Amino acid sequence: MSFDIDVEARRGAFHIAAAFQAAPGITALFGPSGAGKTSILNMIAGVMKPARGRIAVDGQVLFDSAARIDVKPERRRVGYIFQDARLFPHMSVENNLLYGFKLAPPEGRYASPEHVTALLGISHLLARRPASLSGGEQQRVAIGRVILASPRLLLMDEPLASLDDARKQEVLPYIERLRDDLKIPILYVTHARAEVDRLAAIVITLENGKIKAA
Amino acid sequence: MFELTPAEWQAVQLSLKVGLWATVLSLPPGFLLAYVLARFQFPLKSLLNGLVYMPLVLPPVVTGMILLLLFGTRGPIGQFLENVFGITIAFKWTGAALAAAIMGLPLMVRAMRLSIEAVDRRLELAARTLGASWWRAFFTITLPLSLPGIIAGAILSFAKSFGEFGATITFVSNIPGETQTLPIAIYSFLQSPTGDGPAIRLAILSVVVSMLAIVGSEWLERRVTDRVRTV
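Residue numbers (this note's numbering), protein chains in the order written: chain G, 61 to 274; chain R, 12 to 242.
Since the hints were derived computationally from the structure, they do not count as laboratory data. It should be emphasised that the depicted structure is a prediction, and the values quoted were computed from it without experimental measurement. Careful: at least some of the hints might be erroneous.
Stated by the list, open to error - Some chain G residues near chain R, calculated using beta-carbon distances under 7 angstroms:
1) Ala105
2) Val107
3) Ala111
4) Tyr140
5) Gly160
6) Ala164
Ideal Cβ positions, reconstructed from N, Cα and C, are used throughout, including at glycine.
The shape of chain G in the complex, shown without the other chains (with noise of 0.2 angstroms):
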């Protein structure tokens, strides 16, 4: 499974343009805060709107300027975790688990709550309110999730970057696991040098909106 992305946006005097393709495994979106990345995984995930562009996968058009193609994010199973874990506070974790998973059309699932609670070391937790536990904890609830509603393709904006140092080792091996246990594409965004060389097979850095070297 593999993703062509192709997109641009303006955003004020800002020009953003990027045009690459991301495989299964982890590729790294790479550049100083302020040069697009976050724009470009929310154009993506069908949350913002780029001006002219193209975004498929396997074959299946995303979006399409020409074409007038404009799946809704909810259509597109592109997953997205955001720097913060955005976790639904009237929710028990089960049901933040399950939100998505229920939502997924079950020939689609690939992962169990079984399997991704265990995974991700949060069975254990599945009874609690999202405001009862640590930051570490709510990260590795918001992946569970994520890959819960079975997504082709996988949008990381900088998962570690809310959380202090020990947090970090702690979510860490966890995002390693997910990148061996499933065959689907992951787009990492950071500005965190460690974070590129531990987890990123391919690394694409941005600079003001454009590509600098892939």
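Given chain G, work out where chain R should sit, using these hints.
Just chain R now, with coordinates in the frame of chain G:
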């Protein structure tokens, strides 16, 4: 002292009926207005905002007069309702409910708007990327998170409707059993030399209802803050 006479009961029951209908009828437009004001930027937004909140500061007699001009038997909307649906609202309890709904709307919209604004939109985006349609995200995230504020708005609207005086008496007058709601009954009792007792009984009742509404809605609004505290 606290035995209500049939005439007093009639006023209380009418106020309850008017308050409930006013609240129920203003819930859908009230929520829609609150949502639009909380979530969208558009030209003339401040004008819409002003119209919604105007009954709060306008002399109630002016609001009642505007209702009379629009919904009275000779008013354009009043004639339309009469000719097309056979509905008369001028000098009827339904008119009292309309006046009460308009007067309660600012309080309702304000409470609902604040609670909708308190819901983090990024949670809705997270829900969308997890496979939820806009409607599903609305019903599973936005609505439950803002629900206490929505109920608080409804309670405030009910309390205001239950005791609305100025616009109501201007629009639908003072007809016992039809438009003589609790505050209008108090006013009438005060006009008669023997009416002090009933007036005081009804006044105490309205103090209790208002107090409960304020305490209840504040408690609910605090619950919104607790609920939406994102993690």
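Of the numbered hints stated earlier in the document, which are not met by this structure? 3
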